[in-house]
Amino acid sequence: MHKFGLLSVPIFLRVSFITRILLLCVLSMTPVSLLKAQTSLTIYFHKPEINTARNSVLKNTFDLYLSENGAYQFQPVDNRKIFETLFESEDEAVFMMSSRHYQQLLLRQKSNQNYEKLPYGQQSQVLTKVGLLGMKSGSGTYRKILVGKAKHINFSTMTLATSATRDYSISLLENEFSGLSLKASSALNVLVVPKDIDALMAVGFGLADMALTTKSSLEKLSSLYSHQNQPLHILGESNPLQRLAVVFRQRSVESYIKTLTIIKQMSKSEQGRRGLNMLGLDDWRLIDESIGQEGGMSHGK
Amino acid sequence: MESRFLTNRIYQLLLRPDFRLSRGVSFLSFAVLCMMTLASCAHQPEQALSSKQELSSSLDIPHILIVNTNSQIDRYEIAETSFTESLSNTKIRVLDLGDEHRPVDALQDTLNESDYDAIYAIGAKALGSVDYIDPDMPVIFSSVLNWRRFHEQDNYYGIASEVAPKAQLTWFKYFFPEVKKVGVLHSVDNQQLIQDARMSANELSLTLIASEMKAEDTLEKNANTLLDQVDALWLVSDPVVMATTEKAELLFELAHKKGIPVLSYNRFFDDLGALLSITADLATTGRQAALMMKSVLSQRVIEESVQFPAGSRISLNVAKTKAYGIVLNEDALDSVDELVGE
Chain A
1 MHKFGLLSVP IFLRVSFITR ILLLCVLSMT PVSLLKAQTS LTIYFHKPEI
51 NTARNSVLKN TFDLYLSENG AYQFQPVDNR KIFETLFESE DEAVFMMSSR
101 HYQQLLLRQK SNQNYEKLPY GQQSQVLTKV GLLGMKSGSG TYRKILVGKA
151 KHINFSTMTL ATSATRDYSI SLLENEFSGL SLKASSALNV LVVPKDIDAL
201 MAVGFGLADM ALTTKSSLEK LSSLYSHQNQ PLHILGESNP LQRLAVVFRQ
251 RSVESYIKTL TIIKQMSKSE QGRRGLNMLG LDDWRLIDES IGQEGGMSHG
301 K
Chain B
302 MESRFLTNRI YQLLLRPDFR LSRGVSFLSF AVLCMMTLAS CAHQPEQALS
352 SKQELSSSLD IPHILIVNTN SQIDRYEIAE TSFTESLSNT KIRVLDLGDE
402 HRPVDALQDT LNESDYDAIY AIGAKALGSV DYIDPDMPVI FSSVLNWRRF
452 HEQDNYYGIA SEVAPKAQLT WFKYFFPEVK KVGVLHSVDN QQLIQDARMS
502 ANELSLTLIA SEMKAEDTLE KNANTLLDQV DALWLVSDPV VMATTEKAEL
552 LFELAHKKGI PVLSYNRFFD DLGALLSITA DLATTGRQAA LMMKSVLSQR
602 VIEESVQFPA GSRISLNVAK TKAYGIVLNE DALDSVDELV GE
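Residue numbers (the numbering used here), protein chains in the order written: chain A, 1 to 301; chain B, 302 to 643.
The reader is advised that the hints may include incorrect statements.
[What the hints assert, rightly or not] As a list, the in silico DSS-like pairs of lysine-lysine whose alpha-carbon atoms are at most 30 Å apart:
#1 B:Lys623 / A:Lys59
#2 B:Lys482 / A:Lys220
#3 B:Lys621 / A:Lys268
#4 A:Lys220 / B:Lys522
[Said to hold, decoys possible] Chain A stretches covered by chain B per the calculated footprint, using a threshold of three residues with CB under 8 Å from any CB of chain B:
#5 48-60
#6 88-95
#7 232-239
#8 276-284
[Stated by the list, open to error] Label-pair restraints from in silico Cβ distances:
#9 A:Ser269 / B:Asp361: 52 to 62 Å
#10 B:Asp416 / A:Leu241: 26 to 36 Å
#11 B:Asp361 / A:Ser156: 14 to 24 Å
#12 A:Thr85 / B:Glu643: 31 to 41 Å
Because the hints were derived from the structure by calculation, they are not lab data. Predicted, not measured: the structure shown is a model, and the values here were computed from it. Every residue, glycine too, gets a C-beta built ideally from N, C-alpha and C.
Work the whole structure out from these sequences, hints included.
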């Protein structure tokens, strides 16, 4: 009956009716979405060592802090490629990422011939500024370690527990550790776990043979079991790795300074401190911007 | 080189004196045999090649059947997805029992249709159906609450549903370093678990005060006596203490009245007011099951037929930490997956 009724309506009336409904839908949505897009500045976050299941808690915590300071929103991004695309295309945004990742992106940008061929003015319409570096207990760096119950390593037969993705873990072992032979990395069994301490406990419980974790996580766990001899051996230690970098892409210097100040002052409020703690940090350090633009991440001011 | 060598050897054999008499006959027979072989190869070369490939692929690629209790339910779907993503070079078929009113029949039909090397059963309905048929192949399971029933069963391997008691206590100590005395109510069913937990508690400089309950005991009396002696109450999955939702609610009410925080093994208790919950991370469970499957298929020795989950999902009630005045290690916030009660 319903079908017959619909079919009996002339085609132009049906098209007009559907168009009106669609128009109404678009009109009802547009003001909100446009307003948000126009007014709020997005802080994109990507770190392969932080489990994506934590994205929701990170977003809630940061949004609570940022909402006290203006129209900002925190947006974790799971996918590395999507994050990199955003990094290349967004010209009014802030990016939080590992310093190592940022350096890789800079190198890639420099080696991109098309980019080099662009006239100078077009290359630098929007400046990319590394404004802040994450700190913990006064240090801007940390070390990854490879630990195991056995004193030997065999990447072709052993299982590695890690809180980072498989690709990122192998890349870290290949590039930041010296003296490791990863010829058989394709055969390596990797168990991705949510947290560094999970990785350590996985080795402790015999669920994995090795753990790629941070030195501080091992120290934390060891301090909990202070009456017990530590049965885990450190099989390798990475070079010092710099902590999270905050990269600003903003058109005006005023906006840049305003956003930077809001993030820098996180340690001064309870909600801000909680956000920092959620990332394993306790403060931000202002770093030398000119050094940042050249690809280095040395501490500045 | 090899064919030239073989030709020379055959020629030498035919020239030997004892072969000379029958040399003509032998040579003819050999030539006919060669021609027949060549003709048969020339007839169906592609077919011979493809059947050879099929044979090698069916020998090399394991065929796994995933039996899922209900793929529409998040916790089962996550385990299935992470399991599938972690296994490469494997042929996988999924049987979803979600809408099946006769799951055993559906499973039997699926098993009859093809040969499988192993089964991954997700959830109790799936494992119960597999157990009923008891197929002659390795079975790996996860997301099953009564997993202990399958602990000693031949050919059954799996991931337990709760984080190891030792890991739970470690997380408690990490989050709340000043908690010294932890109380736990349990029945005889959890005696072994409590013994192991007591050792772990000692290693962490915690005192575990355990109170054993029988089915006829009153929860209120036992709980109140225990709550007077401890800094925090630890919940374990117990068929007597946590027999009903009402009992769980009563326990939380009593603990709240005495100002004692409750540490739990499942996010389910967050709504009742748990201070901290340590739940198994389902994606990790699926990945762990995949690693276990690899070991089983390659016939590697598996030390523990049932493993505890390697990944944890932690929820913390910040409002409760303030209400109880309990000292929170703020460094531990980098391990929190969910903040509740805000």
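We went through each hint and held it up to the structure:
1. With a C-alpha separation of about 22 Å, the suggested pairing of B:Lys623 with A:Lys59 holds against the 30 Å cut-off.
2. For a cut-off of 30 Å, the pair hint linking B:Lys482 to A:Lys220 stands: about 21 Å separates their Cα positions.
3. Pair hint B:Lys621 plus A:Lys268 holds up; C-alpha atoms about 23 Å apart against a cutoff of 30 Å.
4. A threshold of 30 Å between alpha carbons decides the hint, and for A:Lys220 with B:Lys522 the separation of about 38 Å lies outside it, so the pair is violated.
5. Residues of the segment 48-60 of chain A with a Cβ under 8 Å from some Cβ of chain B number 6, which satisfies the need for three, so the listed coverage holds.
6. Remark: the segment 88-95 of chain A is not confirmed as covered by chain B, as 0 of its residues place a Cβ nearer than 8 Å to a Cβ of that chain, below the required three.
7. Counting residues of the segment 232-239 of chain A whose beta carbon lies closer than 8 Å to any beta carbon of chain B gives 0, which falls below the threshold of three, so the coverage claim is violated.
8. With 4 residues having a beta carbon nearer than 8 Å to a beta carbon of chain B, the segment 276-284 of chain A meets the requirement of three or more and the stated coverage holds.
9. For A:Ser269 and B:Asp361, the hinted distance range of 52 to 62 Å is satisfied, since their beta carbons lie about 59 Å from each other.
10. At roughly 49 Å, the beta carbons of B:Asp416 and A:Leu241 sit outside the given window of 26 to 36 Å.
11. Separation of B:Asp361 from A:Ser156 is about 19 Å and conforms to the stated range, judged on CB atoms against 14 to 24 Å.
12. Checked against the hint of 31 to 41 Å, the pair A:Thr85 and B:Glu643 passes, with Cβ atoms roughly 33 Å apart.
Hint compliance for this structure: hints 4, 6, 7 and 10 are not met, and every other hint is.
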